[in-house]
Amino acid sequence: GAVVSQHPSWVICKSGTSVKIECRSLDFQATTMFWYRQFPKQSLMLMATSNEGSKATYEQGVEKDKFLINHASLTLSTLTVTSAHPEDSSFYICSASWGGNTDTQYFGPGTRLTVL
Amino acid sequence: KQEVTQIPAALSVPEGENLVLNCSFTDSAIYNLQWFRQDPGKGLTSLLLIQSSQREQTSGRLNASLDKSSGRSTLYIAASQPGDSATYLCAVSGNQFYFGTGTSLTVIP
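So the protein lines, in turn, are chains A and B. Numbered per this note's numbering, the first sequence spans residues 22 to 137. Numbered per this note's numbering, the second sequence spans residues 128 to 236.
Hints should not be assumed to be uniformly reliable.
Restricting the straight-line Cα-Cα distance to at most 30 Å, the calculated cross-link-like pairs of lysine-lysine (DSSO-like) are [stated by the list, open to error]:
no., chain 1, residue 1, chain 2, residue 2
1, B, 169, A, 87
2, A, 41, A, 85
3, A, 87, A, 62
4, A, 87, A, 35
5, A, 76, B, 169
6, A, 62, B, 128
7, A, 41, B, 128
8, B, 169, A, 85
9, A, 35, A, 76
10, B, 195, A, 62
11, B, 195, A, 41
12, A, 85, A, 35
13, B, 169, A, 62
If you are wondering where the hints come from, they were derived from the structure by calculation, not from laboratory data.
Okay, chain B solo, but in the shape it has when bound:
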């Protein structure tokens, strides 16, 4: 069974810092990997989608990479802002979705 792990579970950084969130998965037979943002009490917001044939995707200050062979993905956030504070989830899609446990990010003004 696919297992998805995110490290760290929580992260606190001062505003302006660049940061990296990590996601690892045990079964490389995936269709795609997605990164989401979750704000308190809200549904997930899709940030980036990486198809299994791709290695990275970029959107604004966000860059996500995918290394299927090693079962890893990273989400890089440049020049962090207080508004980036949220929980970040990764999910891999095979026959069903498998979500990671999330990283709670706090950006301190």
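Chain A on its own, in the form it takes in the complex:
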């Protein structure tokens, strides 16, 4: 089956620093990747959609300059949380889809970010 990995699985950083989270499709080419986040006791919410080679489409309320998404290859997308604040502490999860005739999304295991 299709496998998606995320790295790191958890990270603790100081306020004001930047953190990069990687999402990789290990055994398939992902034309589309999605980034989600979940705050404690809240629903998992879509942040942005990225297609390989083009700019990400951000959901309303998500700051594109704060959450930088790069999808430079068909197997890798990165989410960089810039100038992190404690309120950015959350669980971030990506999913990947190879498009075509199927829209199945394959999810990574997630990254738990804690900003001190």
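Fit chain B to the supplied structure of chain A, relying on the hints for placement.
Frame of chain A; chain B shown alone:
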């Protein structure tokens, strides 16, 4: 390891019918359970979130129940509409997310 199963894999109903989607999970040690909707080529849309201490949640024509002891959740859709056609996913949250395989729903006008 947590396993999440959804039955049926696909469902086709005429408009106006009430329907039930099923989700089962093997490990009852969860923080919450969520139901999502996925439209073709789009990210997931969160429909309902049930905390582990709750038994059900309602939003409009949607009602989701949770029975942790039996490892089951159901999503009830009342008076289905063609616009409800989509894939519905459930996911349980423990130390990480575990997603079900989805139910593809088609509502026929």
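Okay, the hints, checked on the actual structure:
{"no.": "1", "hint": "B:169 <-> A:87", "verdict": "22 Å, holds"}
{"no.": "2", "hint": "A:41 <-> A:85", "verdict": "14 Å, holds"}
{"no.": "3", "hint": "A:87 <-> A:62", "verdict": "23 Å, holds"}
{"no.": "4", "hint": "A:87 <-> A:35", "verdict": "16 Å, holds"}
{"no.": "5", "hint": "A:76 <-> B:169", "verdict": "16 Å, holds"}
{"no.": "6", "hint": "A:62 <-> B:128", "verdict": "22 Å, holds"}
{"no.": "7", "hint": "A:41 <-> B:128", "verdict": "28 Å, holds"}
{"no.": "8", "hint": "B:169 <-> A:85", "verdict": "18 Å, holds"}
{"no.": "9", "hint": "A:35 <-> A:76", "verdict": "28 Å, holds"}
{"no.": "10", "hint": "B:195 <-> A:62", "verdict": "17 Å, holds"}
{"no.": "11", "hint": "B:195 <-> A:41", "verdict": "36 Å, violated"}
{"no.": "12", "hint": "A:85 <-> A:35", "verdict": "21 Å, holds"}
{"no.": "13", "hint": "B:169 <-> A:62", "verdict": "24 Å, holds"}
The structure is inconsistent with hint 11 alone, although it conforms to all the rest.
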